Amino acid sequence: MNHLLTAPILLPLLGGILQIFMSFAPLGLRRTLALATTTLLLVVAFSLLLMADDGTYRAYAFGNWAPPFGIVLVLDRLSAMMVFMTALLAFFCHIYSTRGTDAVGRHFHALFLFQLLGLNIAFLTGDLFNLFVAFEVLLIASYGLLMHGGGTARTVPGLHYVVLNLIGSSLFLIAVGLLYSVVGTLNMADLAVKVPQVSGNDLLLVRAAGMLLLVVFALKAALLPLCFWLPRAYASATAPVAALFAVMTKVGIYAILRVYLLVFGDDAGPLAHLGMDWLFPLALVTLAAGVVGALGSDGLRKLVAWQVIISVGTLLAAISLNTVASTSAALFYLLNTTWVVGGLFLVVDLVARQRGSAQDRIVTAPRMRSRTLLSVLFLIGATAAAGLPPLSGFFAKVLILESVQPGIELGWLWGVILVGGFLTVVAYSRAGSIVFWRNVEGHVRDPGQLTLPVTVSAGALIAMSLVIVAFAGPISRYTDATAQQLHTPSAYIEILETPMVNGGDTL
Amino acid sequence: MEIVFALVIGALTAAGVYLVLRARTFPVVVGLTMLSYGVNLFLFSTGRLVTGGQPIIDSTEQYSDPLPQALVLTAIVIGFAMTAFVVVLALRSRADTGDDHVDGKIEEFWPESGAEKRAETAPEEKS
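Respectively, the protein sequence lines represent chains A and B. Each step along the first sequence adds one to the number in my numbering, with nothing skipped, and position 453 is 443. For any residue, its number in my numbering is found by taking its place in the second sequence, counting from 1, and adding 156.
The hints are simulated quantities; they were obtained by calculation from the structure and are not laboratory data. Computed from a prediction, not measured in an experiment: that's the story for all the values here. One or more hints might be untrue.
As the list claims (entries may be wrong) - Example chain A residues on the side facing chain B (calculated, C-beta under 8 Å, incomplete):
{"hint": "1", "residue": "F119"}
{"hint": "2", "residue": "I130"}
{"hint": "3", "residue": "G139"}
{"hint": "4", "residue": "T142"}
{"hint": "5", "residue": "G148"}
{"hint": "6", "residue": "V173"}
{"hint": "7", "residue": "W268"}
Said to hold, decoys possible - Selected chain B positions facing chain A (Cβ under 10 Å, derived; list incomplete):
{"hint": "8", "residue": "E158"}
{"hint": "9", "residue": "I159"}
{"hint": "10", "residue": "L163"}
{"hint": "11", "residue": "V176"}
{"hint": "12", "residue": "V184"}
{"hint": "13", "residue": "V186"}
{"hint": "14", "residue": "V195"}
{"hint": "15", "residue": "S201"}
{"hint": "16", "residue": "R204"}
{"hint": "17", "residue": "Q225"}
{"hint": "18", "residue": "L227"}
{"hint": "19", "residue": "S249"}
{"hint": "20", "residue": "T253"}
A virtual CB, placed ideally from N, CA and C, is assigned to each residue, including glycine.
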């Protein structure tokens, strides 16, 4: 057992606890320690990424209880990638928050680190009930972060967000209970062994549980009928929080990938590909709704929030195709969209701070002080998000379009993605031309200055789209290998044979 | 016992769903609580209902499954924390918007009905 596997969980946990105890310490000290934690987390995540790249599954059995009876963490290529993606995003969001977001409330850093704790448990756990616990940990931290700074504008969307997620948690528990009552295990590897053996009336129960799980994950991922909470909630959050939340919908997508390729994958017998035929049309409708929302949004923040929904639709459409190539393309798109959308939230906040009372609304306003830099950042971000060449969004979309087999799905997917992409460009160019080009006379009183850490962190996330293009070869090799690994669930099952550490019983 | 148990779960869940749909913060909170009670009882029953069984090997003829009990315990703790949070948030929302509708001030969304409502409630608030 490799103890490094626990580091992405222990680091934010200890860092967060430390933040609570020193909540009356000077802000500079708290900031330094919190940033040190995030930096260390980034280093750990990168070394885990290198470690997972050899393609083996590493299991960490807590308390030396061998699976399927104990709680396990499982590291494979997918979870390593998700942990690294989150750590990088969180690192830059955390730097950005030193602009002043963290000074508004006393517990910002603690909540931020606990959010990372929940995210990392969700990505690393190999147990369905622990996935539920991880969801709750990250949700309760996200409730706090969403309300951070207060204000009426945040209370109401926050209330919707909390109530919806509580109902989602209830459904999750019902699904977990149903699965346990039939199959008798909640370890994911064990589920993958036992679900194919289910027969008779039990089949209906497991099918019901599987579909309920899909509803829960779709709520987290903001698939269409369950996505209307998202734009208001994200648009009302503070910038670093909204940018970090760019990874929250991806937790739902990660859970769908994990559970539906492992437990209900190709080898699952009568339950193989459960729910995938529902996912494809819903994902395309989500994409279309996201585009309509983006076209109709009256503020830049709302526009970026709808972009989150567009990317969810694109991702789930690719995932529901259920081939190795499409999963790989989806993972490539996932990296691109998470970083770029996070960066866009930060850039939009910078824009809003320089426009006085116009804020982020798409209206004419006095000239911004640093509009050259901001417009370039917005241009790069919008290009990458909408999927125009030469940036990474374009290559990701080409990969998705290429991965579809000829058939009825090809027409729908190409049509919706291409028309949707065009209309997204229209939405961004309309917003950009009004905000950056149409100015009225006069000056904004006391516009916010761009400081170095803020600009660097927003710029770095946007620049990730360039980095992904530069390293497209290694990254697509990694995502190909990840997809290959995901589509052979028989290898994951081997973690059930994780031996106990010698001498574990001599105490 | 099974029938009573199932009826209780069904009644709690139905009441919970009804209250959640009421669109007023206090019924929603109570509804969420009932929903989580129903879910917890359901979770408890997934290990099969046994009376007099102990979850310790070699202690009895009849065993009960320890895992659902552990799951339920975790779910209860989490449910309590979440309910507490929702209560605070509902109070905050009432104070911030001056209305207990889940959408905040109702006239922002339905101007006409909101105006009627204000006319109805305004004299009461003065007294």
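We went through each hint and held it up to the structure:
1. Hint on F119/A holds. Least Cβ distance to chain B is approximately 6 Å, under the 8 Å limit.
2. Using the Cβ-Cβ criterion of 8 Å, the hint placing I130/A at the interface with chain B is satisfied: the shortest such distance is roughly 7 Å.
3. The beta carbon of G139/A comes no nearer than 13 Å to any beta carbon in chain B, farther than 8 Å, and the hint placing it at the interface is violated.
4. The restraint placing T142/A at the interface with chain B holds, with a minimum CB-CB distance near 4 Å, inside the 8 Å limit.
5. Taken as an interface hint, G148/A checks out: its beta carbon lies about 6 Å from the nearest beta carbon of chain B, inside 8 Å.
6. Interface restraint check for V173/A: the shortest CB-CB distance to chain B comes to about 10 Å, outside 8 Å, so the restraint is violated.
7. Against a cut-off of 8 Å between C-beta atoms, the interface hint on W268/A is violated, since the closest Cβ of chain B lies about 23 Å away.
8. Annotation: E158/B was flagged as interfacial toward chain A, and the flag is violated, the nearest CB pair being 13 Å apart, outside 10 Å.
9. Here the hint on I159/B is broken, as its CB sits about 17 Å from the closest CB of chain A, past 10 Å.
10. About 17 Å separates the beta-carbon of L163/B from the nearest beta-carbon of chain A, more than 10 Å, and the hint is not met.
11. Annotation: V176/B was flagged as interfacial toward chain A, and the flag holds, the nearest CB pair being 7 Å apart, inside 10 Å.
12. Interface hint status for V184/B: upheld, as the beta-carbon distance to the closest one in chain A is roughly 6 Å, under 10 Å.
13. The interface hint given for V186/B is broken, as the beta carbon of that residue sits about 12 Å from the closest beta carbon of chain A, more than 10 Å.
14. Annotation: V195/B was flagged as interfacial toward chain A, and the flag holds, the nearest CB pair being 5 Å apart, inside 10 Å.
15. Against a cut-off of 10 Å between C-beta atoms, the interface hint on S201/B holds, since the closest Cβ of chain A lies about 8 Å away.
16. Evaluation of the R204/B hint against chain A yields a held restraint, the C-beta minimum of about 8 Å falling below 10 Å.
17. For Q225/B, the interface hint is violated, the least distance from its beta-carbon to any beta-carbon of chain A being 12 Å, above 10 Å.
18. Here the hint on L227/B is kept, as its CB sits about 6 Å from the closest CB of chain A, short of 10 Å.
19. A hinted interface residue such as S249/B counts as satisfied when its beta carbon comes closer than 10 Å to some beta carbon of chain A; here the least separation is about 5 Å, so the hint holds.
20. Look at T253/B: its Cβ gets to within about 6 Å of chain A, closer than 10 Å, so that hint holds up.
Checked against the numbered hints given earlier, the structure breaks hints 3, 6, 7, 8, 9, 10, 13, 17 and satisfies all the rest.
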